[in-house]
Structures are given as structure tokens and as C-alpha cells.
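S.K.: Single-letter residue listing:
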Amino acid sequence: MSVRTLEVDGRTITALEGQTVFSAAWDSGIRIPRLCHLGGLSEAGACRLCLVEIEGQKKLQPACLTKVAEDMVVNTATPALLAHRRLIVELLLAERNHVCAVCVLNGACELQDLAAQLGVDHVRLRPQYPSLPVDLSHERFGLDHNRCILCTRCVRVCDEVEGAHTWDVAGRGRNSRIISDLGEPWGDSGSCTSCGKCVQVCPTGALFSKGRTVAEMRKDRGFLRYIMTAREKKLWIS
Amino acid sequence: MDEIPQTAGAAHDEREQILDRAMARHHNSGDALIEILHTAQQLYGYLPAPLLKKIARRLMLPPSRVLGVATFYHLFRLEPLRKHSAVVCLGTACYEAGGTELLEGLRQHPGSGDWSVASGRCVGSCGLAPIVICDGRAMARVTADKLEARLREDHDRGSTGTDAGH
Amino acid sequence: MTQTAPMSNKPRFATVWLGGCSGCHMSFLDLDERLFDLAAIADICYSPVADIKEFPANVDLTLVEGAVANEDHLRELKHIRAQTRVLVAFGDCAVTGNVTALRNLFPLEDVLQRAYVELASSGRSPSADGIVPRLLDRVLRVQDVVDVDFFLPGCPPSADSIFDFVATVLRGGRPAREGRRFGA
Amino acid sequence: MTGEVLAQTRDTERERQAGLRERIACCSVAGCLSAGGGEVRAALEKAVNARGLDGQVEVIGTGCLGLCSQGPLVSSAATRQVYAGVTPEDSAALLDGGAGRFQGRTLGPDHPFYAGQRRLILENSGRVDPERIQDYIAQGGYRALLRAASAMSPAEIVAEVKRSGLRGRGGAGYPAGLKWELVARHPASDRYVVCNADEGDPGAFMNRSVLEGDPHRVLEGMAIAGRAVGARQGYIYARGESPLAIARIRTAIAQAQREGLLGGRIFDSDFQFQIDLRIGAGAYVCGEETALLASIEGRRGQPVPRPPYPPERGLWGCPTLINNVETFANIPAIVERGGAWLAAIGAPASPGTKVFALAGRVARAGLVEVPVGTSLRTIVMDIGGGVPAGCEFKAAQTGGPAGGCIPAAFLDLPMDYDTLPGIGSMMGSGGLIVMDTSTCMVDVARFFMEFCMDESCGKCVPCRAGTVQMHGILRRLTRGEAAASDMSMLEELSRLLKETSLCGLGLAAPNPVLSTLRHFRNEYEAHLAGRCPAGRCSIPVPEPV
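These protein sequences, in sequence, are chains A, B, C and D.
Residues in the first sequence are numbered consecutively from 337, following our numbering.
Residues in the second sequence are numbered consecutively from 20, following our numbering.
Residues in the third sequence are numbered consecutively from 164, following our numbering.
Residues in the fourth sequence are numbered consecutively from 3, following our numbering.
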């Protein structure tokens, strides 16, 4: 496979042909924010946080979907991009009921981390306070729609890795909700294998293990790499 | 809603057969999901959960995907229709001509229990705004009085309900 | 300061407690011996931890803990804003509404019914108008009521972050926004 | 069918029609039908029968005659006049020649409503019965397909479309020929042709009227496209909300199949082409091409990021040509008369005609077709007859929820794909809503934002959550509850959606806000101060302090 050389934030980096700008930057220690992307899953291109400026292109491009090219010049953190990212995080925080102080994932949440990293110390938008249920019908796990950011990692991991396709999205627009099977309680789902992958990949406290109190839960996303490497290369590397 | 709604046994069988034939015509392919949902709704009036489950099995699709599709599109109904239906157009011209007020009026109307009231986007008769579609028939240049008369007409006709469900 | 002459040349510093659990003030007290450092650089002119009845005039920096949950809070906050040069939303309740605003998911009557009738033995909702301040229909964030100059989120903000923040502002600096966290 | 049979069918039908004493065409598309056109037609048929005129006088249903606001419309082949506001009681006069009865509601070809128009796409409207393929053939229909299948190579067809300079009529105006070439050149073996008939802009019904009035023209255009790009299968994706259009397409497909104009070995060539109908189920976002493709594949109509574009990777991963109804409707004439012929009509960089659905505060509302580049003044004032007395023209909204408004100052600008974006609007698919001084522009912006909020698919954050926040601010403005900070946030959100949304819906959602801010900022400022200049918004009077 041939190698491409490109410039990211003023640094010259090399990447493999076919690699995305996101993963090339990541390999070189440049962390582009993201919430829907997760290595090992297909790309949704939905959170719009990893949008970057590519010289010569008028429109911002999602780093998770853009392939590297020779002599490409990429900027990942211009003031305009940072302003967009802050506003996207504010939109997410205002959309549902994210109350970090009483969340199982307090301290280990990707959305919370991102807000801190981007300097979102308050939300200028009106909170929407939607009335949303919490599904505790599953024996081991819970689903709190109040914390869901609709990144669809759970939908993808369940379909692509576990193969059960228990989850999907119902409704549309602001009424979109994650559902299991025909919208019945998770605990009644006939397709769920209780593997827990969805819980581990969820970036927020929307999917969680039961029996944990506030700020107790930590998620393990390394398992995905383990499974994918094992599946593709027959190497069981932990 | 635990069962697929039935009217008479024979009709039920017939509907099931029509649906089965429709799915077979599409080689039970998941690509045809939206077509099949259209057919199912035409037959049953709405899409109850057991019907969705049946369609999912037959088309070999995950149930959550079937519900995801059924709830994405406005025209699919998961609840049965009431005796009558009224769709108030809220396209730009109808909105400008007072469609919102008509919609509110319908919702507030004491006789609205028999009516499934909804808003629609542009039925393409902008020159005749505002438009309200009552039981499938478009009414042009609707006023509150006209609408009131239409509702009363149905009320006066009593519970014969001959034109229900169209 | 151009208005009434202050007691000393030190900037005047206040903290207030609206609709919150006072945890932010507990964290403030966790400054421990650094409270003396603070007292050395500022004149602590009003605080729930000091016995002062009226919010004074000409305050340079006020930390506001808690969300705006009732009519008293609303009136107080407007008064405080009028008397304060730099106003800080202090802690998550002030910044986001946080736990105080959890009741915004329900109609107010349902909340009162649940708290005072269903879960209590008294069986009556409070109705002592003029004695107990009336609850607002919705809990508001501080920024929904008055202009806010800085936000210090956290539930509660740590003593270290409070000290760094207050010291920076009192010196006339702008504290960095990056790294401040909601929740823990 | 062979070329000879086509010619024979044409001649037979022409002779038959020539033998008639009178042919009365009743507009039978949605607008006139909801005004009672069906009853008029029935009364006419009954009257013909009662007078024993069967075989001499024919009553047909036909496509849109244009002046929808004065329907039901009826046209007479004998007098070449169009009559407006016809009632069943007028039947006798129509048959017995009581022209005086129609004083003030007779429209000849020189009536200002028609004189300013150039009807190419709508040329058959008023002449053919959309439910009879012979009628279409009698007007020269399917001759272009014959030419494309037997006398032209695919490359020659593509070259002709390129020569015409035709730009996609879906809104963005991408050159059709270039798109065709991309698909035609792709090495993949399976390719598709898709007709986007998911016209969902509020206030737009051009495509629907074309499908209802002249469906074979669209089928012919698609089949020619199939031949040009090497596709064997085409899909029409129609709105589920247009039952009449759906019925007419179904009928037309069945007829074309029966006549061998669709299917295998078309005109005895090796060209085969099928068209299937796919019916949408109420999702505006499916007008976005990648969402439309997802919907044809039976999935949620959610867009996927482009590139890759459909000509490279479309339906089931295969190269796919997507054009809208009006674009395909242009194709038969281009093949028949040559690309240069179309290129000579309209504006140099935007040749051809454009159909607009003229609605709102205008005297004559309906469907009009004009050369691209016609000024807004000609359309609104001459053809449309201006705003009704007592009010003044304020602005026209083009492009629906993705477009913008054009204020009076720009009435004389040419309406084309390159000029409108310069003043913050766009051609769009052809919706044209006239607003007068009684219209509140902030409320218009709120209306369109509500539409986008309701139609957002929910996939990307800026559109899903951003439209909600923008709508909230606009609603506060129309209620007199907004603060100055709301205005700056409104503009910040506009920028965010315009630069970061995943698909066209979100990218364009701020346009009505931005264009009203640009041309009518004073109205926003008035609302901030608690006053609605148009007097439309009910802003509570502040209580005295």
C-alpha cells in the first residue's frame, strides 16, 4: 500500500493510501473531536464535530469520511471550526436533559469531556427540557433517553459487530429516539443478546450498566479493536 | 394492540392474502419495505405492531428497522384512524390564508372526537387557499363557517358512518 | 470605584445562595486557610457564611450559587446584578439549572402534588402566600434573568478552581474557559 | 412497437380528432378538481349525450391550463379559448355557443396571462388527455425516443443534451449533460435512472401538474436517458400525497408497456428499459438525492454525506442518474429538435423555460411557464396581474424553505440560476409566492423554519437541534419576547447550519432567515422593540410598570 504525505495543522505527516484524515491525524497525535465516529464501526458523518478545512475546498469536510491525498493541506482547529464545535456541543447540551451531576458517567463522559476541552462553560441556547423516559426493563442495563445524543454508535455496533440489529432509530428530527425491536421495553426484546457492546460504545450515560451510582461507571471501548483485529487478522491482541 | 385488527373472518383472510401476494411480487425483498407498508396500510387502515412484526419476518428484516422506517414517514399511521379525517393544508399559501386558525378551530371543535385532525404540506391547490381535505375530498377557500357547516353535516347524519375510513 | 467611598481600598467581594444545595459554598469553605489569603486581597462584604442581612451596594465581584426557582430569587438576583460590577454564575445550578431545574420536566402542580401530598403525611400543598415565596413555573438559569460576566461550572467547582478563578478575576484577569467542567 | 406503427397510430388519432366538430378539454389536475372540475366534466358529458353529439363532440380531461385561482378551467378546440370559473350550468352555453355567457372569463392566447408565457413543457396541457397514450402520440410523442433508439448512439444523445445547456430543474441548476456524461462513462455494468418527483416545497406543484397532465413526456424523457447512460431500469419517486399523479403515472407506464415503448427491444432495437414507480410516504427530505435513494431502497430517508455522488455511487451502489420531472420533460424536445434549439431559448447560461407555481397575494395565481431569465416583474405583474387592489407588492419568495425572498427593488432582475443566488435567493424547483405589505417577513421566516424543523431527518446535529433553536428564537420574535442576544445567536446558528449541516436541507434551512435579515432587517428590529409592522403578529402590549 502506498504512502501519502500531507500537512495537518502545519505538521507534515504520512498516512497510508485510503486512510481517512481523521485516523491519519490521530496516528500523528492530532486529536480531532468526534462523537459519532468510533474505530471499528462504519461512519455516520452525523455529529459534524470532526469537520475540517481542506485547502482548495470551499466546503468543510468530515475528517472521518475524507480520504487522505498527496499534498493535502488540512486545518483541524481554526477559530471558525472551534466556534462551530462549541455551538454544536451547546446544541447537544440544550437538546435533552444532560445533568452531569446526577449521571452514572459523570467524569467519564465524552460529551462532558468535549465541553470542557472546547471551553463550553455554559450554554447560551434555551434548554428544551423534553420529557423523556428511562428504560430499566433490561436485567443488566439501562437506557436513559435524557442523555442520548443520537450518535447511533449503539445501532451500528449491534448491527455490524454483534449482528443482532436490536437497535434502530424511530421517528425523525427532534422526535428521533433509539428503539429496540418494535419499540417494546429493552428487557422484552427478542433479538437482544445482552452482549453489552452498545453500553460500552455509548459516549454518554444514555446506555449504562445497572447497579452503578453517580460517576461510578467507566466504559471500555478497547474491546472493539480486540474483536475487529481478531475477526480480520486472526490476532487476539489485547 | 396485540392482534392484527379484524373485521370479518373472510375479509381478514383476504387482506392477508393480498399482503402476502404483494410481498411475493417483490420477492420478499427488504428493498420493498416502503411499498409493502403502503399496501398494508391500505388494507388495514393503519400499521399495528403485530402486522409490522409479520412484515419484518417475511421480508427478513430486523423489527427495529421496520419500525424505524414506519415512523420516519408521515403518511404511515401506527394508530387507527377515527371515523372521519381532516387534513388542513399548511403550505405557504394556505398558511398565509389562515390555515393555522382553521386547524386550531378543528382541534378545539366539540365534535372533533370523531375526527382525525392533521396538518399537511401543500396539496398543490395554492390558488384556492386555504384548503382542507375532509374524508379525502378537498374543500377550497375554506372559512371557519364552511368548516363548521361540514362538521355539522356529519353530526346531523348521525352515526351511520357510511363514509368512514376513506 | 467611583461611587460611595468603600471601607478599604480592597475590592469588595460577595457570595450569594439562591436555589441550590449550598454545596458550592461548602466547596468555597474548603478553601480553608486560603480564605485568609482571599480576605487579604478582598473585602468579603456579603455571604451566607457571614452574618450580614442586606446585600450591600458597590460590590466588585459576586459569586451566585443556585438557580432561580422562586419569586424571591428573581427579585434578589436583579437587585444583586444592579449592585455588582462582575457577576459570576457559580456552580452548575447557577450555570445550567442542574438538579434544581430537574423539576422543569414536569408541570409545577405535579411537582407540588408529588412532594407535599403523595410523599408526605401532611397531605397539603403549601399555600402561605406572602410567607413562603411563590415558586416560578420554571426554574431559570442565572443567565436567563440577568447578564452574567463569567461562568464557573462544576457540581461543585473544586476549591482549587474557585480560588484560581476568584484570584484571577480580582486581579482584573480573564480566567481561561477551557478545562472547566460541568458535573464532577 | 415499430417506427411505422408509431406513425400509423399518430395519423389515425389525428384523423379521428380532425373529424370532430369540437373537443372540449376540462382541466383535470388537482387545482381545478378541488374547485369542482369533475362535476363540470360530468355535466358536459351528459349534455353531449343528451344532444346526441357523441362522435362529433368529445369531452376530455386534460393537464393544467394554468390559471388555477380561477378554476375550473375548460378549453375549446373549436374557439381556441379558455373559459374560467366554469360551472355545470355553463355546459349548454359551451356546446351551443353562448359565448356572451363567458364575458369577463374568457382567455384567448393573447390574454396577458398567456401572452407572456412560452409553453414548452406544458405545450400539451389543454390538448391531450393524459390518460390516453394515443393523444400524446398524436402530438408527436415518442418520436424522440424512436430517434434515440434507432438513429442515435448513446454518446450522441449525451452530446445533444450537453449542447442544449439544459440545467437540472431541481433547484441547484447543475448542467444536466455533465451529469449524464458522468453516468454514461462509468465502467459499472448496472446503472439506474431515477426521476425525482418528490416535490415537497410548500407552494410548489409544477412537477405534480406535469405528471398529472402529460405523464408520457416524462416517461419518454426517462427512457431516452436510459438509452443515453446505458441503464435498463428507471424509477419514478413520487410523493405519496399526490394520488392523482400516482394514478396517471401508473396508467401511463402500463400503456407504454403495452405499446412496447417500455420493456425489451424498444423500437426493434437492442435497447430495453423498464420504469417502476416508487411512492414516498411523506418526508420532504427525500427530495435530497441521497435520501431519495435510501427511500427507494426501502430505508429511512436519511441522506448520506457526498461525495461519492450518485453518478458514481447511487442506487444499490451503482452509478445513478437523478434528474427531476421538469428536467426529463425537456428531453424529448431536445432530441427531437436538437440541443441548439433549446439553447436559443431563455438566458444564455440558463437556456430553456422554467415552470413556476405562482401563488400568494397575486391576482392570477397558477402555473406559468416562461423563458429562463424572465424578470420577476413580468411574471408577477403582467402574467399574474399584480397584487390585489389595496395592497402593495413587498417581496416574492422563491425556492421554498431553501430559498429566499426577492424584494421590490429587484423586480427587474432576470430570474435565472446565476442571478438569484447573488441577491440571497435561488431558483429552486419553481415555487413562487408573492407577498404584499400585509405579510410579516419575520413570520414568513418563522414559518419556513418550522417547516425545516419538522422535516429535518434528525441525523446531523446542526440541522436536528439547530432548526429547533432557530425556530424558538423566531417564535419569540413574533411574540415580542426576544432579546438582542437572540438576534446574534440567530445569525450564529445560521452560519453553523450553512457550513456544517450534512445535506441540502440543513445547509439551506437558514436561507429564508438570512434573506429576510438582508432585505427586511428593519422588521426584525421592530419585533425586538415589540411591534409588528405588518400587524400580523400578535405581540402583547407590555404592562405599564
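Hints are not guaranteed to be accurate.
Using 30 Å as the maximum straight-line C-alpha spacing, the simulated DSSO-like pairs for lysine-lysine come out as follows [what the hints assert, rightly or not]:
1) D:Lys-500 x A:Lys-403
2) D:Lys-164 x A:Lys-395
3) B:Lys-102 x B:Lys-72
4) A:Lys-403 x A:Lys-546
5) B:Lys-73 x B:Lys-102
6) A:Lys-403 x A:Lys-570
7) A:Lys-394 x D:Lys-164
8) B:Lys-165 x B:Lys-72
9) A:Lys-569 x A:Lys-555
10) D:Lys-48 x A:Lys-394
11) C:Lys-216 x C:Lys-241
12) A:Lys-570 x A:Lys-555
13) C:Lys-216 x C:Lys-173
14) D:Lys-500 x A:Lys-395
The hints are simulated quantities; they were obtained by calculation from the structure and are not laboratory data.
What you are looking at is a predicted structure, and each value in this text was computed from that prediction instead of being measured.
S.K.: Under the criterion that the straight-line Cα-Cα distance not exceed 30 Å, is the pair Lys-500 of chain D, Lys-395 of chain A satisfied?
M.R.: 10 Å, holds
S.K.: Please verify whether Lys-48 of chain D and Lys-394 of chain A have alpha carbons no more than 30 Å apart.
M.R.: Distance of about 63 Å is beyond 30 Å: violated.
S.K.: Taking only the CA atoms, is the gap from Lys-216 of chain C to Lys-173 of chain C under or equal to 30 Å?
M.R.: 21 Å, holds
S.K.: What's the verdict on Lys-394 of chain A and Lys-164 of chain D, does the C-alpha distance respect the 30 Å limit or exceed it?
M.R.: 26 Å, holds
S.K.: Take a quick look at whether Lys-500 of chain D and Lys-403 of chain A sit within 30 Å of each other, Cα to Cα.
M.R.: 23 Å, holds
S.K.: Checking one constraint from the list: CA of Lys-570 of chain A to CA of Lys-555 of chain A, max 30 Å. Satisfied?
M.R.: Holds, at about 25 Å.
S.K.: Has the given pair, Lys-165 of chain B with Lys-72 of chain B, been kept, meaning a C-alpha gap of at most 30 Å?
M.R.: 43 Å, violated
S.K.: With a cut-off of 30 Å on the C-alpha distance, tell me whether Lys-164 of chain D and Lys-395 of chain A pass.
M.R.: With a Cα-Cα distance of about 27 Å, the restraint between Lys-164 of chain D and Lys-395 of chain A holds, given a limit of 30 Å.
S.K.: Is the Cα-Cα distance between Lys-569 of chain A and Lys-555 of chain A 30 Å or less?
M.R.: Satisfied, since the Cα-Cα distance of roughly 25 Å is no more than 30 Å.
S.K.: Does Lys-241 of chain C lie within 30 Å of Lys-216 of chain C when you go C-alpha to C-alpha?
M.R.: 17 Å, holds
S.K.: Could you grab the alpha-carbon distance between Lys-73 of chain B and Lys-102 of chain B and see if it respects the 30 Å cut-off?
M.R.: 26 Å, holds
S.K.: Would you mind confirming whether the straight-line C-alpha gap from Lys-403 of chain A to Lys-570 of chain A stays at or under 30 Å?
M.R.: 26 Å, holds
Of the numbered hints listed earlier, those contradicted by the structure are 4, 8, 10.
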